[in-house]
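Visitor: In case you want the letters, here they are:
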Amino acid sequence: MNEKYIARSKAVAARALGGEMMIMSAADSTLFSLSDVATVIWEAADGCTPLSEIVDKHVCAEFDVPADVAYRDAQQLVEDLAVRGILSISSQPVAETERPAPEAP
Amino acid sequence: MAASVSPSRVFSRPPIEQSGAAVEIGGIPIFLQTADADFRRLIEDRYAGFINPSAKPSCWLAVHLEPPSGRTAEDVQVSRNGSVWRIERGDFCAEFDARSRRGWVRQSPNPYSLDGLMRIIHSLVLAEEGGFLVHAASGVRNGRAFVFAGVSGAGKTTLSRLAPPDATLLTDEISYVRRTGNGYHAYGTPFAGELARLGTNLEAPLEALYFLEKGPDNRIVPVGDSDAAHALIRNILFFAHDPELVKRVFEAAIEFVSRVPVARFVFTPDERAWELIR
Chain A
1 MNEKYIARSK AVAARALGGE MMIMSAADST LFSLSDVATV IWEAADGCTP LSEIVDKHVC
61 AEFDVPADVA YRDAQQLVED LAVRGILSIS SQPVAETERP APEAP
Chain B
1001 MAASVSPSRV FSRPPIEQSG AAVEIGGIPI FLQTADADFR RLIEDRYAGF INPSAKPSCW
1061 LAVHLEPPSG RTAEDVQVSR NGSVWRIERG DFCAEFDARS RRGWVRQSPN PYSLDGLMRI
1121 IHSLVLAEEG GFLVHAASGV RNGRAFVFAG VSGAGKTTLS RLAPPDATLL TDEISYVRRT
1181 GNGYHAYGTP FAGELARLGT NLEAPLEALY FLEKGPDNRI VPVGDSDAAH ALIRNILFFA
1241 HDPELVKRVF EAAIEFVSRV PVARFVFTPD ERAWELIR
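Heads up: the protein sequence lines correspond to chains A and B, in order.
Using the numbering used here, the first residue of the first sequence is number 1, and each one after it goes up by one.
Using the numbering used here, the first residue of the second sequence is number 1001, and each one after it goes up by one.
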């Protein structure tokens, strides 16, 4: 399996509000609300943790979903978010300087 | 031999760069410099009630008049180079330095171009401090301000017309919201909509934001924070697709909905609608 590494884009603003993660693209001002699962993946998208590990450690641990289904859905989700410029996908871990800053609590 | 100049003649006229008028909207006085007496009178007429000769200006704008070009007020283009914003519309061209808060505009002697620019400058200045301009009517009742947001046709002008005598209208079109300590204040603006009436130059602590919706009865329906943020951002005036500005507007909207009560205001267009606004 080819690993995927995902990193939050620096060109967005993000804030948790009322239990939802809200994200606004700075490029075109589009506003998104992420679902619970998408929020977990977004928050773990540090550029150096493989997507498979994010799914195992966060999605499967927090939601009642089979691993194969979770991974397939996660792949689809990150591709959608990447198309919208909310995060980037790489086949290699992202270099330290390119990693997103940790989210504010 | 040097020509002698009478001191009384030197000091009886203000220097040209000081000739103009201070227009104070939202507690932010912008000094509009113009050497043209007719245009100064036009400014004083257009912003009557918002002229404050004793205000210490926080922004300066030099107005350079040119003959009408015949160009129409096309879509505005706002771009940034460092701290300097460049603002271009068919009928005017301007620059404004957000750091020094000084700028200039080149336009024909008409109030509409200046009005458009003033909205943009205020939106830029407000974004720096967590405030915003929003497509909304607003009014003060019992010392508290209420903001009624909505797109064209939602009922801003209708509700403004129905305001009872004890309510003071701040605007029927563009509301001015500033962050103040732990809360927000709403201010009157001269930016009028269909009512074609300048708002009252008044400020009050903001009590609630309502999204207008015409309906068969009058009721206030709670809105979740996320929906409130989506709706508010759709109604905030912001003119530049600048990443830094977008982030500030986003942060301002999120902060606002987490601190101020936001709801849908379903109303039927008669005077009973205001019974719920107290």
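Some hints here could point you the wrong way.
Facing chain A, a subset of chain B residues (Cβ under 8 angstroms, in silico) [claimed, not checked]:
1. D1217
2. V1221
3. G1224
4. H1230
5. K1247
6. I1254
7. T1268
8. D1270
Hints listed in this document are in silico derivations from the structure and should not be mistaken for laboratory results.
Bear in mind the structure is a predicted one, so any value in this text is a computation, not a measurement.
The beta-carbon is built from N, C-alpha and C at its ideal position, and this holds for glycine as well.
Visitor: Each hint should be assessed against the structure and marked as holding or not.
Guide: Hints and how they fare:
For D1217/B, the suggested interface contact is broken, since its CB lies about 27 angstroms from the closest CB of chain A, more than 8 angstroms. The restraint placing V1221/B at the interface with chain A is violated, with a minimum CB-CB distance near 16 angstroms, outside the 8 angstroms limit. At about 6 angstroms, the closest approach between the beta carbon of G1224/B and any beta carbon in chain A falls short of 8 angstroms, and the interface hint on this residue holds. The beta carbon of H1230/B comes within 6 angstroms of a beta carbon in chain A, closer than 8 angstroms, and the hint placing it at the interface holds.
Annotation: K1247/B was flagged as interfacial toward chain A, and the flag holds, the nearest CB pair being 4 angstroms apart, inside 8 angstroms. Hint status for I1254/B relative to chain A: holds, with the closest Cβ pair at about 5 angstroms, below 8 angstroms. For T1268/B, the interface hint is violated, since its Cβ never comes within 8 angstroms of a Cβ in chain A; the closest pair sits about 30 angstroms apart. Checking D1270/B against chain A by beta carbon gives a least distance of about 34 angstroms; that is not within 8 angstroms, so the hint is violated.
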